[in-house]
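Student: Be aware that the sequence shown starts at 78, since it is given in the working numbering, and climbs by one per residue.
By construction, these hints were calculated from the structure, which means they are not laboratory data. A virtual CB, placed ideally from N, CA and C, is assigned to each residue, including glycine. Each hint should be verified, as a subset may be incorrect.
Taking CB as the label site, the calculated pair distances span [to be verified]: (1) S91 x I126: 46 to 52 Å; (2) D121 x F88: 19 to 25 Å; (3) A143 x S167: 35 to 41 Å; (4) M92 x L113: 29 to 35 Å.
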Amino acid sequence: MRNEKSGDIKFVWSMHHYLFTAANEINKLYAVQFLLWIAVFFVDSLSRIYNLTTIIGNDDTVVMVARDITITISFFVYVYVMTYFCYLTSNEANKIGNEVYSIFSMASRTTDVNENYYIL
Numbered sequence: 078m079r080n081e082k083s084g085d086i087k088f089v090w091s092m093h094h095y096l097f098t099a100a101n102e103i104n105k106l107y108a109v110q111f112l113l114w115i116a117v118f119f120v121d122s123l124s125r126i127y128n129l130t131t132i133i134g135n136d137d138t139v140v141m142v143a144r145d146i147t148i149t150i151s152f153f154v155y156v157y158v159m160t161y162f163c164y165l166t167s168n169e170a171n172k173i174g175n176e177v178y179s180i181f182s183m184a185s186r187t188t189d190v191n192e193n194y195y196i197l
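Based on the sequences and whatever the hints tell you, model everything.
Tutor: Here is the structure:
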């Protein structure tokens with residue numbers, strides 16, 4: 078019985094290790110690109126806000142103002158949605174990590190109790 082539990086724990090532990098390694102590799106590949114993407118959105122939004130403040134005096138600016146406001150709001154919504162989904166993903170990963178460690182610690186406590194029982 079002890080070997081089956083330790084085999085299951087080793088399998089879960091190895092799966093956690095592989096998932097952790099895969100997440101680190103993905104972060105290494107896309108972290109800089111994601112940061113640059115958000116920076117470009119931010120700079121573009123600032124330039125559109127600046128355009129809104131400088132072209133207000135012209136007569137035919139209603140369409141341009143509506144376009145710039147829509148694009149700026151969509152950029153902020155897009156960045157918020159990306160951030161929210163990143164938060165959800167990391168929250169789920171933390172839950173899985175907590176479950177793996179709780180299973181491992183619970184199983185180690187069980188085997189310690191069983192080993193002490195057999196020794197007596």
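Student: None of the hints should be skipped; say for each whether it holds.
Tutor: Do the hints match the structure? See the list:
Distance hint check for S91 and I126: the Cβ-Cβ separation is about 51 Å, which falls inside the suggested range of 46 to 52 Å. At about 48 Å, the CB distance of D121 to F88 disagrees with the hint of 19 to 25 Å. About 36 Å separates the C-beta atoms of A143 and S167, a value consistent with the hinted range of 35 to 41 Å. M92 and L113 have their C-beta atoms about 33 Å apart, which keeps the hinted 29 to 35 Å range intact.
Going down the numbered hints, you'll see the structure goes against just number 2.
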